[in-house]
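Taken in order, these protein sequences are the chains called A and B. Using this note's numbering, read the first sequence as starting at 1 and increasing by one per residue. Using this note's numbering, read the second sequence as starting at 1 and increasing by one per residue.
Simulated from the structure, these hints should not be mistaken for laboratory data. Treat the hints with care, as some may be off.
To be verified - Below are the DSBU-like pairs computed for lysine-lysine, each with C-alpha atoms no more than 35 Å apart in a straight line:
| id | chain 1 | residue 1 | chain 2 | residue 2 |
| --- | --- | --- | --- | --- |
| 1 | A | 159 | B | 118 |
| 2 | A | 109 | B | 34 |
| 3 | B | 31 | A | 159 |
| 4 | B | 118 | A | 38 |
| 5 | B | 56 | A | 34 |
| 6 | A | 159 | B | 34 |
| 7 | A | 38 | B | 122 |
From a predicted model like this one, the values you see are computed outputs, not experimental measurements.
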Amino acid sequence: MLIKQNEKLVGHMIGRLIDRNEDREELCQDVFMKVYEKLDEFSFQSKLSTWIATIAYRHSINHLRKRKIAISDLPEEESKIERFVAIDDAAETLADQQLDEIVFAFIEKLPPQYKAILTLYHVQEMSYPEIVEITGLPEGTVKNYLFRARQLLKEKVKKYLGKEVEL
Amino acid sequence: MKLTDEELQTKIEQGLTETSADAQAYQHVFKVLKIDPEFNLPIQFANRLVSLLEKKEEKRDYFWLAMGILLSIISLIVTIALLFERWSINSFSFLSSNVGLVVFGVLFVALLQWIDKKIIRKQLESHKH
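Next up, chain B with everything else stripped away, as it sits in the complex (with noise of 0.2 Å):
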């Protein structure tokens, strides 16, 4: 009896023989289908994808950072101009007897921006690696 292909490709996926043409041209195509295709990626490929992947980020960064200065100096210019509309120096004079309080301000702004950049980062790049 004649099996229909159907039945001629189950048997072969299940590594029955058969001898029939049709049988014997399906276990070819079978041997063949299971072969890598060709073209294989250069050996370099992840290193050069690693890198480029690197600078794309790098150049991600200088964007805010260059944003981040940008916004700064026109908040800086908008405060300014805003402090000498509406107040005299003297609304200053409470930073001088708070001295101490200016530079922990400073400094915990500073040290929160050093951990962001030294230590989250890097352990989200990592992770993304």
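Chain A extracted, bound-state conformation (with noise of 0.2 Å):
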């Protein structure tokens, strides 16, 4: 029961934060084993959604530091325009594919961290307080990182209409 109820969260969670399909299923079921050794240990304080997120969150960012992976990190102003660059190259590719799967390759690229907030709060519909909590990040810094990712988004977006309007 609350495996079925939770297992899209954790699933959505590890799905968008852990690139490589080989470990997503074993993380999720790692998630789950230490939920249910937890268990006894969960306060009340919180939705128990919230808690199996955080769970799953930190287990994900844990399992992405061994892999040595930045967490947050966005390239600086000046680089930014490199790091995207890469990306087009990629874009120009999928040049003939719909544009709603240019936008999630290019929401695959993000930083972790970046990843973790737009899922919790655009698919899974969670509050700033509630991804504070599971994040650990102080509001201020959810905003933030909500807000560039967005924009960072934004910017690939109309970058790539522009460039279907020029072809």
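Got two chains here, each in a separate frame; can you build the complex from them with the hints?
And the structure:
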């Protein structure tokens, strides 16, 4: 019951943060194992889903840290273009695919913490206090990451739409 | 007047429409952000996980059973060693005069163990699930 109710939440979180498909299912399994073992420690001070999402988030971040993947580094303004030129090349190969898929590809390129916040806010429709609890980041940082992530995605889409018009 | 990115994000989140290039790009972004990520767990995931957890619990039970048996054997050996060292076999004579009490004691301990295994543990497990 608990697994069925929360497998989408955990699946979405892990699916967004972890790029290697072979690791995803195993990590979801680990998260639920941890939830089962620590269930006695759940103090009902927050929603059960928030608590489970916290475990999933921390487990994913630890996994990424072990793989030495940067968690929240976004390129500085001057190197931003350079970073996104690389994505542009990928976008060109996807030229005939739908814009939605291209936006998904851009989301994939964002740092893990940005992706986590986007998923919790837009897909899971969680509030800022819930996201703060899950990520352990200050509310200002959460809002800032959300704003910057959307802004970066908008810039990419705008650029892509501009190219399409030129064609 | 050109709206800032912050203003645009707020407006689009509120469901208001704008016609500028920035606003259209934002509308695409917000639409895609609401779509579930592609990754989905297999249908059998929950069942597989439950059987995995059950196996783990079973292993834990066997571990504690083995520990219990080991400790019982050790304490039995220690008890016998102490009894034979300090007391004679006559020390047990009180048992023969209180057979009923001994039988009751053994049955009572067995009953407690049975209740723990069959009722209390099962209830705790069902709460966890």
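Regarding the pair residue 31 of chain B and residue 159 of chain A, is the alpha-carbon distance no greater than 35 Å? Judged against 35 Å, a Cα distance of about 17 Å means the pair holds.
With a cut-off of 35 Å on the C-alpha distance, tell me whether residue 159 of chain A and residue 34 of chain B pass. holds (21 Å)
Given the hint that residue 109 of chain A pairs with residue 34 of chain B, test it: the Cα-Cα distance must not exceed 35 Å. Holds, because 17 Å separates the two Cα atoms, which is no more than 35 Å.
Is residue 159 of chain A within 35 Å of residue 118 of chain B, Cα to Cα? Between residue 159 of chain A and residue 118 of chain B the Cα gap is close to 66 Å, so the pair fails against 35 Å, i.e. violated.
Is the straight-line distance between the alpha-carbon of residue 56 of chain B and that of residue 34 of chain A 35 Å or less? Holds: residue 56 of chain B and residue 34 of chain A sit about 12 Å apart, inside 35 Å.
Please work out if residue 118 of chain B and residue 38 of chain A have their alpha carbons no farther apart than 35 Å. holds (23 Å)
Within a Cα-Cα threshold of 35 Å, do residue 38 of chain A and residue 122 of chain B meet the stated pairing? holds (18 Å)
When held up to the earlier numbered hints, the structure conflicts with hint 1 and nothing else.
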